[in-house]
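Starting from the known structure of chain A, arrange chains B, C and D with the ligands on it as the hints suggest.
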Amino acid sequence: ADLGIAMDQIFQKMDPHNSNYNVDYVAASGVVERLIGFDQNMKLVPQLATSWEGSDDAKTFTFKLREGVTFHDGTPFDAAAVKANFDRLADQSQNLAKNSLFKVVESVETPDDFTVVLKLKEPFGAMINTVAHPSVVIHSPKALAELGTGVEKKLVGTGPFKFKEWVPGERLVLEKNENYWDSGWPKVDKVTFFPVTESATRASMLLSDEVQFVHILPAELSERVQSSGGYEVLEVPGITVWTASLNMLKEHFKDERVRRAFNLAVDQQAFVDVVYSGHGIVPDSPIAPDTRFYEAQEPLKTDVEEARRLMKEAGYEDGFEIEIWGTNSSTGVRMLQFLQQQLSQINVRAKIVPMEGATRSEKVFSSMVPEESTFDMLMGGWSPSTGDADWHLRPVYATEGWIPKIYNMAFYSNETVDKAIQDALNTADPEKRQAAYSIAQKQIWKDNPVVWLAIENKMAGRKKGLSGVFQMPDGTMQYSKAAFE
Amino acid sequence: MALASDTSPVVPKEKTARSPFSEFRRRFVTRRAALASGFFLLLMLAMALIAPWILPFGPDEFDYRNTLSGPSALHWAGTDEFGRDIFARILNGAKLSMFIGFLSVTIGAVIGVVAGLLAGYYGGWLDSIVMRISDVLFAFPGILLAIGIVAILGAGLTNVIIAVAVFSVPAFARIVRSGTLGLKETTYVEAARAAGAPNAIIMFRHILPGVLGAVIVYFTMRIGTSILTATSLSFIGLGVEPSVAEWGAMLSTGREYMLAGKWHLTFFPGLAIFLTVLCFNILGDGLRDALDPKLDDN
Amino acid sequence: MAAANVLELAGLDISFGHGDYTFNAVRSLSLEVKRGETVAIVGESGSGKSVSALSIMRLVEFGGGRIEGGRIRFRRRDGREIDLASLDPEEARRIRGNEIAMIFQEPMTSLNPVFTIGDQIVEAIVTHQKKSRREAAKIALDMLQRVRIPDAAQVMKRHPHQLSGGMRQRVMIAMALSCKPQLLIADEPTTALDVTIQAQILRLIRELQQEQSMSVVFITHDMGVVAEVADRVVVMYRGEKVEEGDVETVFRSPSHPYTKALLKAVPHLGAMRGTSAPAPFPVPGKSDEAPAAPAAPAAPIAYDSEPLLSVRGLTTRFDIGEGLFGRITKRVHAVEGLNLDIWPGETLGLVGESGCGKSTTGRSILRLVEAEATKLRFDGEDLTRLSKSDLQKLRRRIQFVFQDPYASLNPRLTVGYSISEPMLLHGLEDRRNAFDKAVWLLEQVGLQADHANRYPHAFSGGQRQRIAIARALGTDPKLIIADEAVSALDVSVQAQVINLLMDLQARFGLAYLFISHDMAVVERISHRVAVMYLGQVVETGPRASVFEDPRHPYTRRLMSAAPVPDPQKRITDRPLITGEVPSPVHPIGNPPAINEMLEVGPRHFVAREENGGRPAHRAA
Amino acid sequence: MLHYFLRRLAALVPVLFLISIFVFLFIHALPGDPARLLAGEAATQEEVESVRKALKLDRPLLTQYVDFLKNLATGDLGTSLRTGEPVSAMIARAFMPTFWLSVCALAWSLLFGLVAGVISAVRRGSPGDHAGMFLSVSGISMPNFWLGLLLMQFFSVNLGWVGTSGFDEPSDLILPSITLGAGVAAVMARFTRSAVIDVAREDFIRTARAKGLREKVVIWKHALRNALIPVVTMAGLQFGFLLGGSIVVEKVFRWPGLGSLLLDAINFRDYAVVQAEIMLFSLQFLLINLAVDMLYGFINPAIRYK
Ligand SMILES: Nc1ncnc2c1ncn2[C@@H]1O[C@H](COP(=O)(O)OP(=O)(O)OP(=O)(O)O)[C@@H](O)[C@H]1O
Ligand SMILES: Nc1ncnc2c1ncn2[C@@H]1O[C@H](COP(=O)(O)OP(=O)(O)OP(=O)(O)O)[C@@H](O)[C@H]1O
Ligand SMILES: [Mg+2]
Ligand SMILES: [Mg+2]
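Residue numbers (my numbering), protein chains in the order written: chain A, 1 to 485; chain B, 1 to 298; chain C, 1 to 620; chain D, 1 to 306.
Quick caveat, the hints were computed from the structure, so don't treat them as lab data. All clues stand as given, with none of them false.
Straight line, CA to CA, 27 Å or less: simulated DSSO-like cross-link-like pairs of lysine-lysine:
#1 A:LYS103 x A:LYS64
#2 A:LYS442 x A:LYS432
#3 D:LYS221 x C:LYS180
#4 B:LYS95 x A:LYS351
#5 A:LYS103 x D:LYS53
#6 A:LYS83 x D:LYS53
#7 D:LYS216 x C:LYS130
#8 A:LYS405 x D:LYS56
#9 A:LYS250 x A:LYS446
#10 A:LYS250 x A:LYS351
#11 C:LYS130 x D:LYS221
#12 A:LYS190 x A:LYS153
#13 B:LYS294 x C:LYS437
#14 A:LYS432 x A:LYS64
#15 A:LYS83 x A:LYS154
#16 C:LYS157 x D:LYS221
In isolation and in its complexed conformation, chain A is listed as follows (with noise of 0.2 Å):
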C-alpha cells in the first residue's frame, strides 16, 4: 500500500545536519535514523542506540549501538559511521546549520565496534537529549564521504524507508527498504510527501483521499474533516508555548507589578478558545508538561480589578501606549488582536504590527540592539526541540539567550535563573537536575518577563484504519511504523 501524506512547509534542505526545519527532520527520520529516538510523550527511546549512559560530571557520554544494521548502500553500521558523522556534526569549519548543538564535544571515540564515547569541552547535562535531537542522524559514511555535502539530495540511512525522488516544493518520495533491520517493518511499500501550504488544500486532499495523513491542522478544520466519516482528528498537547514578551528595558515594565497585572489582565482560557478554536491549554509553568524536568507552577488567574489596582499603584492608572510586534500568519494576527482588545481594559492602547517574515528576521533578530530596541510585546513561540528544559529555559530565559543570540525576547536577566540553568547543565544525573530547573521555572514564574499565553495542541487527520503515523508534541511526527488495516 502506498501512503501519502500533507506536509505544512515546504522542504528545505533534506540533510538534517543542515536544517533548521522540522519539515525536514521529519521527511529524513524515515530513512535515516537517530541514535535515539521519542515517543509519543517526548520520552526517550532507542533506535540505532541501544542503551546510553552519562558520567556524574556530564562530560563523557556513552552509547550502545545496536548490530546487525546495514544502510541503504550496503555499508554496515557501526561506531566507526557514527563517529564520521559525529565528527562531522562537530567540525566547526563544515558551516553545518546544527554544527552549534556538538559546539561542546571534544571528541568520538570508538572503544569497540558497537560502542561510541563522547567526550566533552565542559559539562553538558542535556547531551543524552542532543544526541535525540531530530537532527542528529547517521548517515552511511560512504555516502558522506562519495556526496558530501550533497547527501541532502541523496539521503542514504538505516531507516525502513530509502530515498527515491525530491521534486523540490512538489514532493518527496520514498520507498520501502527491504532489508530492514526492524524485522516485520515497514508495512507500506512507498511513501510520498506533499509540502501543501494552504491548510484547507491540505484537508481537501485528505477528504478526497489524495493523502491519508495531514500533518498540522489547523483547528479551524479540524471539525471538517472529524464531520466526514472515514477520517480522524488527532490531537496532542503541544511543547511550545506562546508567550507575549514584555521588553524589560523598558520603563514600564522594569517595574514587575506591571508585568503582574499584565498577565492578570488577559484571559488565557479565552485565548486559546479564540486563536485556536479551544485546542489547546494555558501553561502553567515557563515549559510545556511534556518537555524534560517540567514543574507545575501556581495556575495563572485572570482578574481585570487586581490588575488595574496594580497598575494604578505603579502610576500608570491611565495606562499607556505600546507596540506589539507579531507575526502576520492568520493566527498571529489573531493573537495580536486579541491582545490589544484584553489589555485595554487596563487603560493600555497598543498598537499592533503583524510583520512579514523576512522583515521580522531582519527586525528583531539580525539589527536588534536590545538597548535600542523599540517594541514593547513581542509575541513568539518556542519549542524545545531537544525535549529538555534545557533547551527551552536557556534560550528563552537566561541572560545569554537575549535577541538577537538566541530567543529571550523579554531582555529578562536574573542571577537565580542563569545559575540554575548552569548547575543544571553541570550534571548528567537527572534528580540534580530536577532539583535545577525547579529553581528556575519558580523564579521565572513569579517574575513574569512575558505574558503567557497558550501551549496549543498539534493536530493532525489521518484515515481511518492507517496507524503508527502521528505527530508529537514537537511539531514533528512519525511514520515509520505506518500501516494500514
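For chains B, C and D with the ligands alone, coordinates are given in the frame of chain A:
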C-alpha cells in the same frame, strides 16, 4: 424665399450655450439605474457614518462567549471569531474600504491616464520611457513592490493608498495609450490641430473623451481589486492595523473558517464588496453612456 | 403594385428621437420606381433624402431612426412582392447588398478602416454570390478598374485611410455594383469625383442598368447629373415630396416654388464667359434675373504685391509597405514639386483629377502632413521654420474645411461647441459670445440656432458640410482652404453659402484656396484657377483664360466632360476611356519628373505637353 | 515597421540592464536577512553567521552585483541561497506549469470575455446584458482563494471529478485555470462590451449591413476588429500578469509554478531566485507588450510607428 427660416419642426429651441460638461450632465441624469447606484453607494456611506447610533453593537465589541455564531435576529450577519458583530463591522468598514478602493484607483487612474495620453500622443522617446517604466512596474510582483514601497515610506493608510495606486498606474497608462494611438490619427483630431488647438487641448478635449469609456470600465472593475489588494498589504503588516474593520481583511480572516461551515464570515464581506463593485459598474456604465452622444437616441 | 414597378413607397413616415425631441424627418413620402428606370431625388439639404434611402435598405433603425408608418414594397428578382417596412430583419438582410445595393453619401467614413479595400469588396461578393474568394477577387479587381482606380491591383491591398476622397467613393461604387443589384440607391455617388471620372461612372452605371435592367434611385444635388441620367425627378423639401415628374417636364416647367428656385440657382459652366472677376449667384427671391451685385465691390487683386501664401516645390510622398512587416517598396508621389501663389482677397480654384493630390496639398500647407523640401511663406512668415507654438497661433489665420465634414467633427462635442472652439482657442471671444457667434454663423450658412446643441451624427451630409464651413469662418482667417466644401449642398443652399463666402471676401479681403470638382462653381468664384494632374500643376492662370482658352489636354478634357444641366443637351454616348489609368505610385528611387511650365498668356502657364505626367528622365 | 520592431528589440538590452540594477538595489533594500531566515528563528546567532558565510552574503554589495552581472552575461542565473540548486534549473522546472496554467486561463477567459462582452454590447440593456454584468462583477469581486477553495470542495472533495491539486495530468489544469481566469474573463467581458458599443454606431458598420452581411459577421468581424485595440491591450496586460504566476492560485492548488517559487523566494529573501524571476517577468512583459504594440499596427493600419 428665405431658405434659412425658423419654421422647421425641429427640437424645441434652447438659447443657452451648453459646455461639453453640462451636456454630459444633462445626459447623465437621465440614466436612472446609474443614479440609483450612486445613491446606494452614498447611502452605504451615510449608514457607515451614523452606524454607531443605530446599531446595537459596535464594530470593536468583543464577546468571547458568542464567537462564530451564525446570522440571527440579534446578529444579522453573525459574529466573527472574536464575537464581534459582522454587520456592524461591515457598515463600519464601508468608510475605509470604499475610501481606499476609490481613492487609490482614482490616483492611479489620474496618473496613468495622463502618462498614457502623453506617451500615446507624443510617441518617440517619451512613449518609450513611460511604457518601459510601466513594464517594469508590472513585472515587479505586487507584494514585493508593496514591501518596497512601505519599506521606503513606512506603513499606514496613506501609504497603502499610494501603494495600491502605484499598482494601478501601468494598466491605465497602457489602456489610454492604446486608445490614443488610434484616435490621434482621426480626422477630427487633425481638424482640431488645423484650427490651432494646442496639444493639451487636443489630448484632453478631443482624445481623452474617446478613451474614457475604457478607462471607466477598468476603473470600476479595479475598485474591487483594490479593496482586496489593500487587505493583502495589511496582512503582511504594511497596511492599516488588522483590528480595524475593513472588508478585505474580514474576507481574508474568514477564509480559515470557510471549510468549517462558517460561511457567513466570508459571505457578508464578500457581498459588500460585490455590491459596491456592482454599483460602481452600473454607475460607470451610466457615465460611459452619457459620454457617447450616439447612444442618446435609443 | 404595378407590374412594371420595382419599388413603391407609400406614405412613408420616418422620425428620430423621443418625446419632446421627436423629429419627423420624412413625412408621408410616396414614390415609385419602374424596372430599368432611373429616378433622381433632388431637394434641399436636410430634406430627408438620405434617410428615405436608408429606410429602403432598412438601415435607418440602426442609426436611431424609426419607420413610423407607410409601406416600402419591393419586387424581388423572382417576381415576389414584399413589404420591406415590415419584413423580418433576417429577410431584409438577404435582400440588402444582393437585390438592393446602396452607395452612401459619405464615402470617407463608410469604409471599414481596418480591412483592405480588396477584402471589403470581396466580402460583399462572397456573401450573396456563390463564388470562391479567388473568383470574387477577380471580379473586385475588374470592378475597381472599371471605376478607373489607378493601380487597382495595388489599391486592393491598401486601407481606406490611404486613399483620396474620390478613390474611396469609387470603391463604394465598385462594392455596390459588384453585386449586380436589382435596385441601386446611389446617394450623391459622384460628389468627390472630378467630372471626367464622374462621366465614366455615370456611363458605367448606365451600362449595367441596360445589361440587367437595373433600376436606379439617384440622389444628387448636381442638376447637370440629373439632366444627364434621370428618367424621372422627385423633388423633396423639408421632409416631403413637393414635385415629381419626368426629367424634361421638371426642368422645363417646374411647378413648385422650391423647384423653381432650385433650377434658377443652378450654375452653368460658361455662364461667366467674358467676365474676369467672380460674381455671386443670383439670390433666389431677391431679383429674378440679373446676378445680384456683390455687397461691396471687390477690390482688384494687387498681383504685384507679395502673395499671401506662396508655395514652392511642395512635395509630399507616402510610403506604402508590403508584407508582414510592411517593407517599403513603393511610394505615392501625392504632390510633387508644386508651386502656388495666392494673393490677399483672391480665390484660387484648384481642380484636378480625383486622387491627384489636392487634399494633400491643402494638408501640407497647414503642415498637417509633413512635406519634403518645401518653401512655404504665409503672410510674410516662413511656415516651415515656425516653432510649434507659433505655427499653432498662425493657424488662426488659415482655416481648413475638410473634404470629409463628418469625420472632421468630434462626435462627442455638440456642433455649437465645435464651431466656437477655434474662437475660444485663440482667445477671440469669451465663452458666451463665442457661442452666440457660433449660432449666428450657423444661421448664416442656412442652419438654425437650435442645431447648435445637436451632435454631428444627427445631421445630413449637407448640413455637416455647412457646419464645417461655419467653423472655419469663426476666427476671421485670412485664408481658407476649402476642400470640396460645397459639394453636398443643394444648389440653392450652395448659392447662399458661396455668396456668403464672396461677401466675406469683399468685406475682409479673405483669400480662398477653393478645391472643387464642380467646374461651374469654380468658374463663378475663382480669380485664378490651377489644374492639377498626378501631383503636379499642369495649367494655371486667370480664370477667364483657363476656362476660355484651355491649353493642357487634361484641362480640355475636364471642360468637355462637365455635365450640362439641361436634359435636352444630354450626351448619352460619351466614349468610355479604357486602358491603363495613370498612377502616382512609383517604385522607390524613381520619382516622376517635374513639369516644366511655359507661359502662354499673361500669368497663364501650361506644362510642356510631352512631359504630361510621364517621366522624362530616370534617376541616374 | 520591421525597422521599428528591430529597434524596439535592440532597445531591450539596455532596458534589461537598467532593470537589473534596479532589481538588485531594490531587493537588497528590502528588509529581511536571508541568513537569519535560512537558519530559522530558533537558531543562535552563531548558526546565523555560519550560514551567512556559507552563502557568501558577507561580501560587499558591489562585489555581489558585479558577480551577478558577470554570471548573467554568461547566462548563469546563480544558485539559490535556499536550496543551493542552480536558479536556471528551478525556473526551468517552474516555467512550464505556469505557462500552461496561464495559457489555459487566458484562453478560456478571452473566449468567454469576448463572447459575453459582444453579446452584452449587442443586446445592451437586455436581461442577458445584466446577467453578463452580474457575472463579471462576481468574477472580479470574488477573491481567488475563495473561488479556488469553493471549486475544490465541490468538484474534488464532493464530486471527486478531478484531483484537488498539484499538476500531474492535464485535467489538473481545469480548476486552477478557471479560478485564475475568472477575474480576467470579467475584465475582458466588460472591456469588450464597452469597445463594441463604441464602434457599433459607426458608418462603416452601416456599410457592412448594407452589404447584407449576416449580423454575426457584422458584429464579430467588422465591429469587433475595430474594437479590438483596447481588448488586445488588456489581454496583453493580463497575460503578462498570468505568466508571472498567480501566487494565491498556485498556493491554493499546490501548483509547482513560478508563483510558488517566487513566494518562497521572497519569503526567504532568496536573492538570486527573486532577481532571476523578476528579470524573467520583465523580459516577458517587454516582449508581450512589444507584440501587442506590433499588433496595434495590424489591427488598425492607421496607427503608425516612426
Ligand atoms: N440621428 C438623427 N437624429 C436626429 N435627426 C437626424 C438624424 N439623422 C438625420 N437627422 C435629420 O434628418 C433630416 C434629414 O436628413 P437626411 O440625411 O435625409 O438629409 P438629406 O436630404 O440627405 O440632406 P443632404 O442633401 O444634406 O444629405 C435632417 O434634417 C437631419 O438633421
Ligand atoms: N495616408 C496615405 N497613405 C498613402 N497614400 C495616401 C495617403 N493619403 C493620400 N494618399 C494618396 O495620395 C494621393 C493623393 O490623395 P489626395 O487625397 O490628395 O487626392 P485628392 O486630389 O484630394 O483626390 P479627391 O479629389 O479624390 O479627394 C492618392 O493617390 C492617395 O491614394
Ligand atoms: Mg444626404
Ligand atoms: Mg481630396
